[in-house]
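Number of protein chains: 2
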Amino acid sequence: MKTNQLTNQSANYIAIMAGGIGSRFWPASTVDRPKQFLDILGIGESLIRTTFKRCLKLVPAERILIVTNKRYKALVLEHLPELPERNVLCEPSMNNTGPCVAYTALRIQSENPKAVFAVLPSDHVILKEEAYVSKLAQAFEFAESRGAIVTLGITPTRPDTGYGYIELDCQCEGGENDPSVGVCKVASFREKPDTQTAEEYVSSGNYLWNAGMFVWSVDTILKAFKTNAPDILNVLCQNKSAFGTDDEQNYIDKVYPKTENISVDYAILERSDNVFTIPSDIGWSDLGTWNSLHDYLDKDDNHTVTLGEQTHLIDTKNSIIRSDSKKVVVIKGLEDYIVVDEENALLIYPKKDEQEIKQVVKSLL
Amino acid sequence: MKTNQLTNQSANYIAIMAGGIGSRFWPASTVDRPKQFLDILGIGESLIRTTFKRCLKLVPAERILIVTNKRYKALVLEHLPELPERNVLCEPSMNNTGPCVAYTALRIQSENPKAVFAVLPSDHVILKEEAYVSKLAQAFEFAESRGAIVTLGITPTRPDTGYGYIELDCQCEGGENDPSVGVCKVASFREKPDTQTAEEYVSSGNYLWNAGMFVWSVDTILKAFKTNAPDILNVLCQNKSAFGTDDEQNYIDKVYPKTENISVDYAILERSDNVFTIPSDIGWSDLGTWNSLHDYLDKDDNHTVTLGEQTHLIDTKNSIIRSDSKKVVVIKGLEDYIVVDEENALLIYPKKDEQEIKQVVKSLL
Numbered sequence: 024m025k026t027n028q029l030t031n032q033s034a035n036y037i038a039i040m041a042g043g044i045g046s047r048f049w050p051a052s053t054v055d056r057p058k059q060f061l062d063i064l065g066i067g068e069s070l071i072r073t074t075f076k077r078c079l080k081l082v083p084a085e086r087i088l089i090v091t092n093k094r095y096k097a098l099v100l101e102h103l104p105e106l107p108e109r110n111v112l113c114e115p116s117m118n119n120t121g122p123c124v125a126y127t128a129l130r131i132q133s134e135n136p137k138a139v140f141a142v143l144p145s146d147h148v149i150l151k152e153e154a155y156v157s158k159l160a161q162a163f164e165f166a167e168s169r170g171a172i173v174t175l176g177i178t179p180t181r182p183d184t185g186y187g188y189i190e191l192d193c194q195c196e197g198g199e200n201d202p203s204v205g206v207c208k209v210a211s212f213r214e215k216p217d218t219q220t221a222e223e224y225v226s227s228g229n230y231l232w233n234a235g236m237f238v239w240s241v242d243t244i245l246k247a248f249k250t251n252a253p254d255i256l257n258v259l260c261q262n263k264s265a266f267g268t269d270d271e272q273n274y275i276d277k278v279y280p281k282t283e284n285i286s287v288d289y290a291i292l293e294r295s296d297n298v299f300t301i302p303s304d305i306g307w308s309d310l311g312t313w314n315s316l317h318d319y320l321d322k323d324d325n326h327t328v329t330l331g332e333q334t335h336l337i338d339t340k341n342s343i344i345r346s347d348s349k350k351v352v353v354i355k356g357l358e359d360y361i362v363v364d365e366e367n368a369l370l371i372y373p374k375k376d377e378q379e380i381k382q383v384v385k386s387l388l
Numbered sequence: 024m025k026t027n028q029l030t031n032q033s034a035n036y037i038a039i040m041a042g043g044i045g046s047r048f049w050p051a052s053t054v055d056r057p058k059q060f061l062d063i064l065g066i067g068e069s070l071i072r073t074t075f076k077r078c079l080k081l082v083p084a085e086r087i088l089i090v091t092n093k094r095y096k097a098l099v100l101e102h103l104p105e106l107p108e109r110n111v112l113c114e115p116s117m118n119n120t121g122p123c124v125a126y127t128a129l130r131i132q133s134e135n136p137k138a139v140f141a142v143l144p145s146d147h148v149i150l151k152e153e154a155y156v157s158k159l160a161q162a163f164e165f166a167e168s169r170g171a172i173v174t175l176g177i178t179p180t181r182p183d184t185g186y187g188y189i190e191l192d193c194q195c196e197g198g199e200n201d202p203s204v205g206v207c208k209v210a211s212f213r214e215k216p217d218t219q220t221a222e223e224y225v226s227s228g229n230y231l232w233n234a235g236m237f238v239w240s241v242d243t244i245l246k247a248f249k250t251n252a253p254d255i256l257n258v259l260c261q262n263k264s265a266f267g268t269d270d271e272q273n274y275i276d277k278v279y280p281k282t283e284n285i286s287v288d289y290a291i292l293e294r295s296d297n298v299f300t301i302p303s304d305i306g307w308s309d310l311g312t313w314n315s316l317h318d319y320l321d322k323d324d325n326h327t328v329t330l331g332e333q334t335h336l337i338d339t340k341n342s343i344i345r346s347d348s349k350k351v352v353v354i355k356g357l358e359d360y361i362v363v364d365e366e367n368a369l370l371i372y373p374k375k376d377e378q379e380i381k382q383v384v385k386s387l388l
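As you go down the protein sequences, you meet chains R and G in turn. Going by the working numbering, the first residue of the first sequence is number 24, and it counts up by one from there. Going by the working numbering, the first residue of the second sequence is number 24, and it counts up by one from there.
FYI, nobody ran anything at the bench for these hints, they're computed from the structure. Some hints could be false.
Which copy is meant is left open, so a pair is good if it fits within one copy or across any two.
[Claimed, not checked] As a list, the in silico DSBU-like pairs of lysine-lysine whose alpha-carbon atoms are at most 30 angstroms apart:
{"no.": "1", "residue 1": "Lys277", "residue 2": "Lys349"}
{"no.": "2", "residue 1": "Lys249", "residue 2": "Lys375"}
{"no.": "3", "residue 1": "Lys246", "residue 2": "Lys374"}
{"no.": "4", "residue 1": "Lys385", "residue 2": "Lys208"}
{"no.": "5", "residue 1": "Lys355", "residue 2": "Lys322"}
{"no.": "6", "residue 1": "Lys96", "residue 2": "Lys76"}
{"no.": "7", "residue 1": "Lys215", "residue 2": "Lys355"}
{"no.": "8", "residue 1": "Lys350", "residue 2": "Lys93"}
{"no.": "9", "residue 1": "Lys246", "residue 2": "Lys277"}
{"no.": "10", "residue 1": "Lys385", "residue 2": "Lys246"}
{"no.": "11", "residue 1": "Lys80", "residue 2": "Lys350"}
{"no.": "12", "residue 1": "Lys277", "residue 2": "Lys208"}
{"no.": "13", "residue 1": "Lys76", "residue 2": "Lys249"}
{"no.": "14", "residue 1": "Lys322", "residue 2": "Lys350"}
{"no.": "15", "residue 1": "Lys208", "residue 2": "Lys249"}
{"no.": "16", "residue 1": "Lys350", "residue 2": "Lys375"}
{"no.": "17", "residue 1": "Lys151", "residue 2": "Lys80"}
{"no.": "18", "residue 1": "Lys340", "residue 2": "Lys350"}
Whole structure, please, built from the sequences with the hints as guidance.
What follows is the structure in structure tokens.
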């Protein structure tokens with residue numbers, strides 16, 4: 024039984040990717056409750072809920088899909104009670120974003136073959152929401168009118184070595200009333216650079232950060248898969264009529280784990296030539312690390328970020344201290360530290376060594 | 024109704040003092056659950072229970088009294104289920120050890136006027152239990168036969184400035200089969216000394232640590248109160264027949280708060296001349312501070328004490344780390360720190376500044 028009618032009218036959809044297990048934010052983030060489900064900014068709302076509410080400014084809840092791991096389905100519905108249950112797409116295995124996007128495209132195709140959809144991360148922060156909504160709306164329009172693959176590229180504010188970069192091919196095209204104003208052709212995608220290269224990228228003005236935000240039509244992306252990653256489609260399309268039916272989950276549980284583990288960046292974007300980017304100054308942060316959270320949040324006179332309501336600091340500098348609001352925390356003399364106290368775990372770690380945490384925790388758990 | 028018969032036979036009693044609120048061990052120790060009720064050594068047993076079990080080697084549970092603040096009665100009975108409820112003596116106010124010992128003496132007198140009793144702290148550690156039991160047995164015997172006030176004096180192992188000292192008056196008296204072998208007359212009690220004085224004390228070999236462990240007969244100590252602190256007795260003996268009856272608590276609630284707030288050391292010991300001490304090498308620690316706990320417990324190769332079962336330390340030196348056994352703790356790079364994680368509070372504090380903690384916490388709570 025299909026619950027949505029096929030239509031000849033195009034419609035915009037948004038797929039929010041929420042399958043990550045966020046191992047870098049341990050112990051705040053755990054496999055049982057990864058980063059996207061946390062109120063990591065201390066604003067009283069999880070990142071996924073903030074993302075969802077932002078998306079509602081562009082499309083109704085019925086056209087928002089959450090793509091996540093099976094084990095997080097209940098958490099998704101708990102955080103987003105407005106979301107129809109069938110809009111949670113459950114991956115039975117973690118096969119990276121390539122198969123994930125293909126599955127999403129096939130589901131949306133079953134509802135509306137003319138749809139255009141965005142793929143967005145669930146756990147990033149956007150400070151300039153109005154600019155963001157406007158850039159995304161433009162991306163939808165450009166993707167539909169040109170049959171293009173569109174990404175939002177973030178105007179870099181520092182030579183960060185933690186992000187991939189988008190190299191621009193040309194000046195932005197179009198005239199003032201053209202939807203292509205401010206849209207640039209992409210020359211190439213670049214992996215995370217070393218410091219010197221990052222500095223060159225940023226000073227050249229010809230590079231943007233790749234924030235993992237994509238917009239394309241069902242038609243465009245499925246054609247791109249057919250050309251560049253046909254095996255994924257072959258596996259997923261053995262019984263194409265299952266998409267959008269009550270049988271979909273059973274079917275996906277069987278075939279999805281057999282798809283290649285590959286990112287959509289590598290499988291599609293780097294191999295396509297109709298890729299465009301919209302330079303976007305939207306106050307973006309991927310909040311990928313405790314350090315990025317420290318950079319992002321308000322600091323006290325000692326350059327320390329406190330998330331927690333009963334924290335008493337003495338001579339504690341340039342640190343980030345996160346705890347449950349019910350917990351009294353007394354700290355003296357720490358400098359350049361991450362302190363994260365959760366119900367089941369406590370982390371006290373030098374900020375500069377943050378990248379080690381993932382390995383340490385892996386060896387422990 | 025008296026539940027115990029008066030008798031003409033002497034009997035040994037032990038009164039364990041358990042009224043302290045242990046503010047120095049915050050956040051492990053709180054007013055709701057002070058140090059004596061904690062398994063502060065991580066051995067699966069609270070300090071008061073260890074103390075109680077040690078005392079059972081000298082007297083039966085029926086002759087062990089716990090003297091504590093009213094609010095801890097339920098906790099005492101929870102930790103010592105073998106203890107008759109009437110053996111918990113409840114102070115309605117904190118008036119220091121002077122009135123506390125007088126009340127205890129009057130209660131024991133109501134059961135057995137010929138009794139000899141020891142007064143012992145509830146929250147100290149004794150490593151050499153056999154030596155301890157033997158020294159206490161000797162103290163009971165000497166106190167009864169000589170009508171003396173007897174203390175156990177701890178052979179000092181370092182010039183500690185945190186303890187009071189007992190100055191010896193003479194060489195130890197008696198022949199080999201005399202109960203007074205190894206018993207010394209006390210010349211004076213000395214307050215906590217400065218470092219130089221402490222060094223002189225220890226090198227002279229003529230001083231012991233005062234560990235607050237006393238033995239005396241009911242008769243001896245009540246006479247000493249009559250001579251040296253008669254006001255306390257006057258207040259408590261307005262209706263002496265209340266002791267040992269169902270009316271005792273009501274009576275004590277009324278009169279006890281009117282007694283002078285004074286230590287038994289100051290009220291009695293420093294003013295008496297029949298005071299003796301038994302030099303005791305019993306592996307004693309008062310565990311008065313996190314630092315003393317650090318000194319006392321087994322350390323790893325980095326001189327760090329860990330209390331907790333899932334603690335993972337990297338480059339962490341000369342520290343003490345205490346946490347719940349269910350909690351995963353990951354720490355890197357701390358040196359000379361106290362880390363104590365409790366359900367409601369987290370402390371991360373330099374060891375050298377430990378004496379500040381009490382004030383910091385006071386200002387917070």
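- Message: Hint by hint, where does the structure go against what was stated? Just the numbers, ascending.
- Response: Violated hints: 1, 2, 3, 4, 10, 11, 12, 13; rest satisfied.
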